[in-house]
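Undergrad: Work out the full structure, taking the sequences as your base and the hints as a guide.
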Amino acid sequence: MSSVSINSAAKATIDIDVAIAFDGFHLSLQQQLPAQAITGIFGHSGSGKSTLLRILTGLEKRAQGQINFAEQCLLNTRNKVFIKPEQRNIAIVFQDSRLFPHLSVIENLAFAAKRCKNSALKIEDIVELTDLTALADKGINQLSGGEKQRVALARAILAEPKLLLLDEPLSALDNHNKALLLSLLTKVQQQLNIPIFYVSHSMAELQQVADHLLVLEQGKVVDFGNIHQVIHRLNYPTPLSKPEQENGQESGQSNLQPATFSGLTQQQTSLALQIKAHHPEYGLTSLAVNHNSHIYLPLLTNKTKLGSEVRCFILANDISITLTEPSNSSIVNHLSGKVSEIQQQQHSVLLTISCAEHDFYTRITALSFQQLQLKINAPVYIQFKASAVKTFNYSTGE
Amino acid sequence: MGENSDLIALLTTLKMAALTTIILMLIGTPLAWYLANMKSRFKVLFEALVALPLVLPPTVLGFYLLIAFSPQHLPGQIWQDITGQQLAFSFSAIVIGSIFYSLPFVVQPLQKAFEQLGTSYLEAGATLGAGRFDRFFNIVLPLTKASFITAASLGFAHTIGEFGVVLMIGGNIEGETRVLSIALFDHVEAFNYARAHALALGLLIGSVVLLSLIYLLNFQQPDSDKRSNKNAHKKSLGKGL
Numbered sequence: 006m007s008s009v010s011i012n013s014a015a016k017a018t019i020d021i022d023v024a025i026a027f028d029g030f031h032l033s034l035q036q037q038l039p040a041q042a043i044t045g046i047f048g049h050s051g052s053g054k055s056t057l058l059r060i061l062t063g064l065e066k067r068a069q070g071q072i073n074f075a076e077q078c079l080l081n082t083r084n085k086v087f088i089k090p091e092q093r094n095i096a097i098v099f100q101d102s103r104l105f106p107h108l109s110v111i112e113n114l115a116f117a118a119k120r121c122k123n124s125a126l127k128i129e130d131i132v133e134l135t136d137l138t139a140l141a142d143k144g145i146n147q148l149s150g151g152e153k154q155r156v157a158l159a160r161a162i163l164a165e166p167k168l169l170l171l172d173e174p175l176s177a178l179d180n181h182n183k184a185l186l187l188s189l190l191t192k193v194q195q196q197l198n199i200p201i202f203y204v205s206h207s208m209a210e211l212q213q214v215a216d217h218l219l220v221l222e223q224g225k226v227v228d229f230g231n232i233h234q235v236i237h238r239l240n241y242p243t244p245l246s247k248p249e250q251e252n253g254q255e256s257g258q259s260n261l262q263p264a265t266f267s268g269l270t271q272q273q274t275s276l277a278l279q280i281k282a283h284h285p286e287y288g289l290t291s292l293a294v295n296h297n298s299h300i301y302l303p304l305l306t307n308k309t310k311l312g313s314e315v316r317c318f319i320l321a322n323d324i325s326i327t328l329t330e331p332s333n334s335s336i337v338n339h340l341s342g343k344v345s346e347i348q349q350q351q352h353s354v355l356l357t358i359s360c361a362e363h364d365f366y367t368r369i370t371a372l373s374f375q376q377l378q379l380k381i382n383a384p385v386y387i388q389f390k391a392s393a394v395k396t397f398n399y400s401t402g403e
Numbered sequence: 064m065g066e067n068s069d070l071i072a073l074l075t076t077l078k079m080a081a082l083t084t085i086i087l088m089l090i091g092t093p094l095a096w097y098l099a100n101m102k103s104r105f106k107v108l109f110e111a112l113v114a115l116p117l118v119l120p121p122t123v124l125g126f127y128l129l130i131a132f133s134p135q136h137l138p139g140q141i142w143q144d145i146t147g148q149q150l151a152f153s154f155s156a157i158v159i160g161s162i163f164y165s166l167p168f169v170v171q172p173l174q175k176a177f178e179q180l181g182t183s184y185l186e187a188g189a190t191l192g193a194g195r196f197d198r199f200f201n202i203v204l205p206l207t208k209a210s211f212i213t214a215a216s217l218g219f220a221h222t223i224g225e226f227g228v229v230l231m232i233g234g235n236i237e238g239e240t241r242v243l244s245i246a247l248f249d250h251v252e253a254f255n256y257a258r259a260h261a262l263a264l265g266l267l268i269g270s271v272v273l274l275s276l277i278y279l280l281n282f283q284q285p286d287s288d289k290r291s292n293k294n295a296h297k298k299s300l301g302k303g304l
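Sequences listed follow chains A and B, in order.
Just add 5 to wherever you are in the first sequence, counting from 1, and you've got the numbering used here.
Just add 63 to wherever you are in the second sequence, counting from 1, and you've got the numbering used here.
No lab work stands behind these hints, which were simulated from the structure alone.
Source: prediction; values computed, not measured.
Don't take each hint at face value.
Straight-line alpha carbon distances no greater than 16 Å define the calculated EDC-like cross-link-like pairs of lysine to aspartate or glutamate that follow [claimed, not checked]:
hint, chain 1, residue 1, chain 2, residue 2
1, A, 66, B, 186
2, A, 119, B, 197
3, B, 102, A, 76
4, A, 66, A, 22
5, A, 89, B, 110
6, A, 89, B, 252
7, A, 390, A, 323
8, A, 167, A, 76
Example chain B residues on the side facing chain A (calculated, C-beta under 10 Å, incomplete) [claimed, not checked]:
hint, residue
9, 179
10, 182
11, 188
12, 191
13, 195
14, 206
Cβ-Cβ distance ranges computed for the label pairs, FRET-style [as the list claims (entries may be wrong)]:
hint, chain 1, residue 1, chain 2, residue 2, range
15, B, 224, A, 124, 25 to 35 Å
16, A, 207, B, 112, 47 to 57 Å
17, B, 273, A, 147, 27 to 37 Å
18, B, 105, A, 27, 14 to 24 Å
19, A, 89, B, 282, 55 to 65 Å
20, A, 92, B, 282, 34 to 44 Å
21, B, 78, A, 27, 43 to 53 Å
22, B, 138, A, 92, 55 to 65 Å
We put the CB at the ideal spot given by N, CA and C, even for glycine.
TA: This is the structure in structure tokens:
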């Protein structure tokens, strides 16, 4: 099972240059996206993220422009090229799963496998990978929401797509099932090496699994790049034009400016850190920030090996600042750093604090800002509770 | 008229109804599919045309068909050129007439079922690599099976009971166009009430049995089928009747 891979390691890209307008909605975007690992697509409802997926699958036939995917032209309206959905080899998991109600779980999976031209994957292997063995002979109506989405994911995988699209696959699920499916998704991606585009309006979900992030607003690209960098850029309501962003390697970078983004409702620090140690006696796990400092978060219970990477985020409201090193505090996490950016907002101030190689974002009141008399490059300590370090994994243990 | 003539009329009727039903399923399915997916504002016009036989007196339909089928007019002329036989007052004529007459009974349940089914399962099928016909036979057909049974049964039952159209374009030729309803009419005309009763009661019981079977089938669908389609064909069944 472990050696099964249906895509070669070649780094394919998908070049999108499409426009569509209907019912007062306009979408127009030019973007090159990597067809590797997991690319998140984030936006509020009506931003065009689901429409983009429908255009990629070919289910939305009104789109104008062109799409090229790994040397293959999927759409070119000028040359009247339109590859039908059934010939694109792009699978999609819908929000509402869309399992065929007249077929059992295993028959739904066989539907996809039978129509797959490759057949490198065996149904039994995927059933095992997605933990569906006990459900194989059940009818679709007997499944819970989480089970349905797992079947839908398995069915899409068995089509052995060159690209797998997920359209808000977790939106109807509770937190426990969300966490389960997210870890399954990461496992599937790593074992089978299928490139995935993951659409969601939940930054917490995307932060867990995506490597790149595309942000859409009103049918336009707001930002694209490394997930942590994009989240940090989004912390500032007006798009920042940091000169060092992504060295312009993404062609879409140059035309980021037309759309303005209302910003994240909750500014945050996005991190991917290695597990340093588990402390079950305290109910904590520590993550290495750099060689000599670490942060604590609630114990990661199951199977998270030392040294493996954990995605986590800390809301800006949960980080506070002191000028002297805190001692005698119940707050377990404190790091020293320097103020590297200051942005005054209405009644608060958003600060970027550089600690070791990481930027942390904290929001303090205008009053605190005045009392502390903070300036760029001022040395400060940031502190936050272990429970402020959020990750989706914590709920899987229960 | 001997005892045999009623049997011949029965066979003619069954042959006409069976042939009509088969042809109707073949042309009614794509027509219903087309109407269900039509977005043009002329959709209502097409729907009205399909529904017309529900309200039009059969004799009106029969009258226009009779004119069209006569050798003096193009459809009848073409038919005669190809087959060498006159179309009006032939078995073929009453089958063609029945197709028009029973069209809404087949198209409407199917159209409702297709509309109810929507596009979501088809889209899922397409992204899994299923082409058009594959999607139709492996997704649409199993999910709307009950509506297909309803459509075929209604088309068949309605064709058996037709009178006005057959009388206009078929006349009353034994073994060719003399169907049960016309035989019944003949018996009444001849004051042969005993045989009229036999035929009428037979038709009545036959219809009740057939309709009961349709309803029975609708309630015996497996759960999954019922969920997505029960309402569709119940509604159309009500409308059709």
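Undergrad: Each hint should be assessed against the structure and marked as holding or not.
TA: Checked hints:
1. With a CA separation close to 12 Å, the supplied pair residue 66/A and residue 186/B stays within the 16 Å bound.
2. As the CA atoms of residue 119/A and residue 197/B are separated by approximately 12 Å, the hinted pair is consistent with the 16 Å bound.
3. The straight-line distance between the Cα atoms of residue 102/B and residue 76/A is roughly 35 Å, outside the 16 Å bound, and the hint therefore fails.
4. A hinted pair counts as satisfied when its Cα atoms are at most 16 Å apart, and residue 66/A with residue 22/A qualifies at roughly 15 Å.
5. Distance restraint check for residue 89/A and residue 110/B: the Cα-Cα separation of roughly 30 Å exceeds the 16 Å cut-off, and the hinted pair is therefore not satisfied.
6. Between residue 89/A and residue 252/B, the direct Cα distance comes to roughly 63 Å. Violation of the 16 Å bound is thereby established for this hinted pair.
7. Straight-line distance between C-alpha atoms of residue 390/A and residue 323/A comes to about 8 Å, which keeps the hinted pair within the 16 Å bound.
8. The suggested pairing of residue 167/A with residue 76/A holds, with an alpha-carbon distance near 12 Å, which does not exceed 16 Å.
9. With 10 Å as the threshold, the beta carbon of residue 179/B stays out of range of chain A, its nearest partner Cβ sitting at about 13 Å, so the hint is violated.
10. Because the beta carbon of residue 182/B sits about 9 Å from the nearest beta carbon in chain A, less than 10 Å, this interface hint is met.
11. At about 8 Å, the closest approach between the beta carbon of residue 188/B and any beta carbon in chain A falls short of 10 Å, and the interface hint on this residue holds.
12. With a cut of 10 Å, the hint placing residue 191/B at the interface with chain A holds, because the nearest CB-to-CB distance is about 5 Å.
13. For residue 195/B, the shortest C-beta to C-beta distance to chain A is roughly 8 Å, which falls under 10 Å, so the interface hint holds.
14. A hinted interface residue such as residue 206/B counts as satisfied when its beta carbon comes closer than 10 Å to some beta carbon of chain A; here the least separation is about 6 Å, so the hint holds.
15. A beta carbon spacing of about 53 Å between residue 224/B and residue 124/A contradicts the range 25 to 35 Å that was offered as a hint.
16. Restraint check, residue 207/A to residue 112/B: a C-beta distance of roughly 50 Å satisfies the suggested window 47 to 57 Å.
17. A C-beta distance of roughly 35 Å is found between residue 273/B and residue 147/A, which places it inside the suggested range of 27 to 37 Å.
18. Separation of residue 105/B from residue 27/A is about 21 Å and conforms to the stated range, judged on CB atoms against 14 to 24 Å.
19. Checking the proposed 55 to 65 Å range against residue 89/A and residue 282/B shows it is violated: the Cβ atoms sit about 39 Å from each other.
20. A hinted range of 34 to 44 Å for the beta carbons of residue 92/A and residue 282/B is consistent with their spacing of about 41 Å.
21. Range check, residue 78/B to residue 27/A: Cβ separation about 51 Å, and the 43 to 53 Å hint holds.
22. Checked against the hint of 55 to 65 Å, the pair residue 138/B and residue 92/A fails, with Cβ atoms roughly 42 Å apart.
Checked against the numbered hints given earlier, this structure breaks hints 3, 5, 6, 9, 15, 19 and 22; the rest are met.
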